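Student: Here's the letter readout for the chains.
Protein chains: 4
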Amino acid sequence: MTLPVSEELIAGANAREINALEDEYAALGRKLERSGIAIDAVKDRVAGFSVAVPTWGAGRGGTRFAKFPVPGEPTNIHEKLEDCAVINQLSRMTPRVSPHFPWDTVSDYKALREEAAELGLGFDAVNSNTFQDQPGQVQSYATGSLASTVAATRRQAVEHNIECIEFGRQLGSTDLTVWVGDGTNFPGQQDLARSLDRYLEAAAEIYAALPGDWRMLIEHKMFEPAFYSTVISDWGSSILAAQELGPKAKCLVDLGHHAPNTNIEQIVARLHRFGKLGGFHFNDSKYGDDDLDSGSINPHQLFLVFNELVEAELNPRDGFNPSYMIDQSHNVTDPIESMISSAETIGACFAKALLVDREALHLAQEANDTMMAFQALRRAYNVDVGPILAKARLEAGGAIDALRAYRESKWRERKAQERKPAGLGAGIV
Amino acid sequence: MTLPVSEELIAGANAREINALEDEYAALGRKLERSGIAIDAVKDRVAGFSVAVPTWGAGRGGTRFAKFPVPGEPTNIHEKLEDCAVINQLSRMTPRVSPHFPWDTVSDYKALREEAAELGLGFDAVNSNTFQDQPGQVQSYATGSLASTVAATRRQAVEHNIECIEFGRQLGSTDLTVWVGDGTNFPGQQDLARSLDRYLEAAAEIYAALPGDWRMLIEHKMFEPAFYSTVISDWGSSILAAQELGPKAKCLVDLGHHAPNTNIEQIVARLHRFGKLGGFHFNDSKYGDDDLDSGSINPHQLFLVFNELVEAELNPRDGFNPSYMIDQSHNVTDPIESMISSAETIGACFAKALLVDREALHLAQEANDTMMAFQALRRAYNVDVGPILAKARLEAGGAIDALRAYRESKWRERKAQERKPAGLGAGIV
Amino acid sequence: MTLPVSEELIAGANAREINALEDEYAALGRKLERSGIAIDAVKDRVAGFSVAVPTWGAGRGGTRFAKFPVPGEPTNIHEKLEDCAVINQLSRMTPRVSPHFPWDTVSDYKALREEAAELGLGFDAVNSNTFQDQPGQVQSYATGSLASTVAATRRQAVEHNIECIEFGRQLGSTDLTVWVGDGTNFPGQQDLARSLDRYLEAAAEIYAALPGDWRMLIEHKMFEPAFYSTVISDWGSSILAAQELGPKAKCLVDLGHHAPNTNIEQIVARLHRFGKLGGFHFNDSKYGDDDLDSGSINPHQLFLVFNELVEAELNPRDGFNPSYMIDQSHNVTDPIESMISSAETIGACFAKALLVDREALHLAQEANDTMMAFQALRRAYNVDVGPILAKARLEAGGAIDALRAYRESKWRERKAQERKPAGLGAGIV
Amino acid sequence: MTLPVSEELIAGANAREINALEDEYAALGRKLERSGIAIDAVKDRVAGFSVAVPTWGAGRGGTRFAKFPVPGEPTNIHEKLEDCAVINQLSRMTPRVSPHFPWDTVSDYKALREEAAELGLGFDAVNSNTFQDQPGQVQSYATGSLASTVAATRRQAVEHNIECIEFGRQLGSTDLTVWVGDGTNFPGQQDLARSLDRYLEAAAEIYAALPGDWRMLIEHKMFEPAFYSTVISDWGSSILAAQELGPKAKCLVDLGHHAPNTNIEQIVARLHRFGKLGGFHFNDSKYGDDDLDSGSINPHQLFLVFNELVEAELNPRDGFNPSYMIDQSHNVTDPIESMISSAETIGACFAKALLVDREALHLAQEANDTMMAFQALRRAYNVDVGPILAKARLEAGGAIDALRAYRESKWRERKAQERKPAGLGAGIV
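Protein chains in written order, with the numbering used here: chain A, 3 to 431; chain B, 3 to 431; chain C, 3 to 431; chain D, 3 to 431.
Treat the hints as calculated values from the structure; they're not laboratory data. Please note that the accuracy of each hint is not assured.
To be verified - Cβ pair distances, simulated, as ranges:
1) B/Ala206 to D/Lys422: 17 to 27 angstroms
2) C/Ala119 to D/Gly321: 36 to 46 angstroms
3) C/Gly14 to A/Ala153: 55 to 65 angstroms
4) D/Ile164 to C/Ala369: 26 to 36 angstroms
5) A/Gly277 to D/Gly425: 44 to 54 angstroms
6) C/Pro318 to B/Pro73: 36 to 46 angstroms
7) C/Ala154 to D/Leu365: 47 to 57 angstroms
The model shown is predicted, which means the values in this text are computed figures rather than measured ones. All C-beta atoms, glycine included, are put in the ideal place defined by N, C-alpha and C.
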């Protein structure tokens, strides 16, 4: 394996931080000990936690108004893998990447898998793209894809998904994530019921092509790119579709795809309760599908989601095996920095959820002692778990302060010299 | 049958309106004829349409801050029936009332049924109340009802629902509507998964007590009275619960119980698609469960809901038999006037949905001719269907201008002399 | 003047519709007469009403995910003017276009003005663009524009606005609309107070360059392209900025730029009350700044806005002179059709607002007769004013059924042969 | 002074916690020291911080559906003061109470002031009540109060507010908080502009009665009890009203009174920027004006509000003197526990805001280093400031773990024996 950042640089950076970390870790250990929690056990659970990063997240994102490229951003799958390797090397929490086709199309997937492995990376869920037209594409997705009234378009979309499964098989993936932009901008534009019929029929063809150990992750979204209705608009539509498709179909929760004020952690609990929790696209939002950095707007909500996940793992009912991925649009930051920071935030929420005194919580719930039930969560949320995460990273070969080490590496500056510039983003108003 | 408003008064009022109506009905008939629509056929469909009114809606509603009683408002089920009879006599669209227990408890339900019949009224869905404590009640619903951790409370709530079925059986009802206030105000207050388990277990006991021709209508609500989570918070939770309970369990849609921006008409289409559309509580809202008059805020949304209902009836899949009820809180108007006005608005939306040229709509949808598909709906929405509704009312014995006839009847002024005053509402902040 | 659509075609189309129109107009006239309203007077008011269209609205819009071009769409200002002339020729309600710089930059504005005049068009408010980078631009707007921390960027943005005023002066405009994308995606990214200070300082420089008879229209927006904060996020920020700038600064209301559930018509009343109502960007939305066709989602809200405008005109306080423009993103329709349809919807809402019996309304308001006050609005809203608009169009030389006449003209099909294709829109995720 | 909880009990409780606290405080001190922050200086700032509690918050709140009284809840101002004294004795952060008239009316305000002082309490802002009718009241507020069309009602509301000022003067208050429920439930119910005219005219009469050192705090609210429009619905209306009234009029921010997704911290910054930030009603919400415990739903938002407040204090422009109060509805908890917990959360957010490295923040903002600007806030937010607050409480005579000490005091159980029960809350649907 040849990792992109020099190990000496990481070691040197850690040397400057180690004393402070040891002091904080020890102090936190004593504090947790007083509550009967062994800090090393928590640290080991955190060390075993990981979240995938999307290849497309390595580039600058934008809006319909504009995109502002950052010098040195990657413009092909090989450069994206390199950047993802930096994220994982420093954070030690993102060992898998999630590819998107046709954006990441190559001629030799075996070679791509080896290239990634050499960088310490494996492949996560494969993502299909039937929401935009590619040069030379026979059928346009202007009328939708899996739900289009045009049979040839549905066929093309199904075949593209099946092709994605084949690419994923070669890359070592076992999940296909299906998000479609199908929907309408006008009342009456399409029949709301028949659209779903067509979607389900086409999705069933994809489902039939899944290898035995694969899952199909259905991702719902309230709006955008369609602004009146979307065919899989909410978790209700998603789970009913997953029920119709079969046991390998599960639901994927993107934190930005819900109506305002929605209690997302309850949706997580519901999906788990009915055996259909498939995974997450982590990000944060204030208004719509803002695709902001995970936990940057509402870290408490992210903690409450992980609280449900820890509960679910302890009470697996029909099984518990969610897929975790970051899915953000990095419009104003260096994508590597945003994903390092986001992975840490996600890991911190997991760690805090582990710290919840579940016996106290459940007793208070049973006794309808609302204040003490709330405090059981709040005490855990208030803990600064930074030292636990830093210790886990350090022991795995990462950087205690991953952002600082990244800046010291001058990775982006070097790549700005080496890589060809990304195109100027044109707004689509 | 002895109806409350004098037939002479109605006849006199209609005499003043009839010429204008005939002119408008004829002109509209010519217009529709040019589109190949026979106005009398539409009028006959409208004449066959009805919507129930809730007994509690006959009284002034209020908020946690205050209630401002209106002189002459009813304070018992007998007075409420009288007021509901006025609504139906004038509008000829609300022949059934929906009772609420224990608010409408009487000693002799057979007598109550006869009393109603004498007023031209039958009974619609029965509503249970497990969201507030009654004097002398053994278990408090402070911890919830069907989802409470307290077994005796769940039992009490189940038994109350079963008692409601028995009352309803005697009254001629065939639907039980179950809405519970169960939920939480704090993260952690209750386990989100176990709460649903308890709810489902208790609901199954009620379900088991349903007579063979009855349905159980499950009503979801996003928030209020609980402000962090509610046990049946959205249509996804509702339909999954209905699936678990069995074929007699259906979902009820209250137009004010959704997240902001929700596409409610799509939820209607989804519930129908999956065989679980049970009925409606009609009202309107701008912010939350505002319980405003139907269509007063967003009449176009109500039209789009009826557009789905007309589609569903034409394409019944697993059956189509929704229950329709007005459910509003009349805080600033005479409840009789609000329900007369609301029934007319609901009927108008149904009439407009009937006017949609469905062949043109479906052809445009198939051809992805978005503008013409939209215009097919919009042309129907733009029609002033007032004359159709007025004609149907007139022919059924009602008033052409029902609000004006009501005012002329001086019903409320007379009742203000006869009835004992309602209590001054105390704000609960 | 040489208008793009053949007058014979329009005359032929109208000939087929005229009898139906005469019948409907006469019937509506009798109905209104019974309420004491002279239909011709309303028609004349409608004939005097107009709304501008934006040059950029003549092309297909898109989202960050994709744009699907329509064959024959315009790709330069000259083709856009031609399309706008079609809209106005058929609808007779859109005699002015609103240009956007640098998108509509030409070398000779006098010639452009003549070119437009020859097509029956004048120019409305000028729009500046400081939310995206153009090839060769010295300073990037990645850090914002008027509120940027970079002095040279603020200077560039100010100078661009001043240049826009100069272009507009030559075109005959008297309004400059200023919308900036400035804002942040992260808490802390910028200081919320200092950002506004910088904005106000830069805006004051633009204000100082306004000719004596010009206005500066400040457009607020809640979010997008910035997703945590925007510098002029709501009408409160907008009016305070306008107060600081001076009497020529007014506030512009885009119907899609508000928080969910916002009462937009009250904002209109407030801006008028405080002398700062500058104008509108008409469109509709269900979720965010969806830029859907005006009134396609919530036509009643549009009516309520016009109800406030008619009230404001009757009670002008510090003056009443709002600027009206359509601002939509036509992602799934022919832009010409959407703007024809939208103009008709906007005109219809104006016509309905004119029909409100204001004396009855005000008397009911004074008497706290809520139901009758509401019915005063509702009666007007329910009227099908289509015949009034059609008659006004017909008399002005337009088409009774403008959409049908447009389709018969085969304008788009012809342009698809003549014009060079627009580029395939690339999604920016 | 005679405080309600035994000092021995507090001392005993603290003795059990002191060693842990010393360890945690020392560890945190070392951590902060490494960032150049002296922990004792932060603790001293926190010790100087306080927030008022409302007398009505000492009782159980409810909804329009029900209220579930808690045994031992206070039912008069004297019992409420006692409970507030418990909160302050244990938390040492709530030395003032905010009275509400006529709920807290007494015959001798001088005696009440002494009674409070004996309990260690002073008086904060006075609250008037013109949103509900009291027995014997001459004019009903059914038509609104300051904005009512009924002149006698407006007069009554003005006089009540002036009376409140007089009560407050005797109690030592210097602020009058004016929140009115005025608004409408139907489009057209009232004229939106004239309603504000009447409000402003009446408010000016109250303003004129303010003593020289008093402020009038205007509280806006989006909805409830009115559900279509409210007369002071947003911060824009609030600040324009405050501008018209004069320099003693300021704006009060209740965290639950905004549209969904609103950036409240930016509103705080805007109000300060324009010299009108008057104060806060702290609570939290997920859906509407849920009045949940401060920071229980979104503690990060509360931190961001305090971040603006610390910035504002450092950059006072036209002055900085906000009034802080808790305003919650305690529907499912012991109100004393909720206010103890809320005060701690509010204090913690203040402490975290103090920990922000403002030099680093400002430098990063100037440099458009978005990630480091964000991290400057996030690093402070992540700190567990519990030891700082506990130390401050301990030194002031409070309890290290205030909730635990309260439970040990068995206050509520004792009061349940002594006090007469509160009435069963009746739902107003």
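Student: Range hint 36 to 46 angstroms: satisfied by the CB atoms of alanine 119 of chain C and glycine 321 of chain D?
Tutor: Violated: the Cβ-Cβ distance is about 56 angstroms, outside 36 to 46 angstroms.
Student: Range hint 55 to 65 angstroms: satisfied by the CB atoms of glycine 14 of chain C and alanine 153 of chain A?
Tutor: For alanine 153 of chain A against glycine 14 of chain C, whose Cβ atoms are near 38 angstroms apart, the range 55 to 65 angstroms is violated.
Student: State, for the Cβ atoms of proline 318 of chain C and proline 73 of chain B, whether the hinted interval 36 to 46 angstroms holds or is violated.
Tutor: Given about 40 angstroms between the Cβ atoms, the range holds.
Student: Between the beta carbons of isoleucine 164 of chain D and alanine 369 of chain C, is the distance compatible with 26 to 36 angstroms?
Tutor: Taking Cβ atoms as reference, isoleucine 164 of chain D and alanine 369 of chain C lie about 28 angstroms apart, which means the hint holds.
Student: Taking 44 to 54 angstroms as the hint, is the beta-carbon distance of glycine 277 of chain A and glycine 425 of chain D inside that range?
Tutor: This hint holds: roughly 46 angstroms between Cβ atoms.
Student: Between alanine 154 of chain C and leucine 365 of chain D, does the C-beta distance stay in 47 to 57 angstroms?
Tutor: Cβ of alanine 154 of chain C to Cβ of leucine 365 of chain D: about 19 angstroms, so the range 47 to 57 angstroms is violated.
Student: With respect to the beta-carbon atoms only, verify the hint that alanine 206 of chain B and lysine 422 of chain D lie 17 to 27 angstroms apart.
Tutor: violated (42 angstroms)
Going through the hint list in order, the structure does not satisfy hints 1, 2, 3 and 7.
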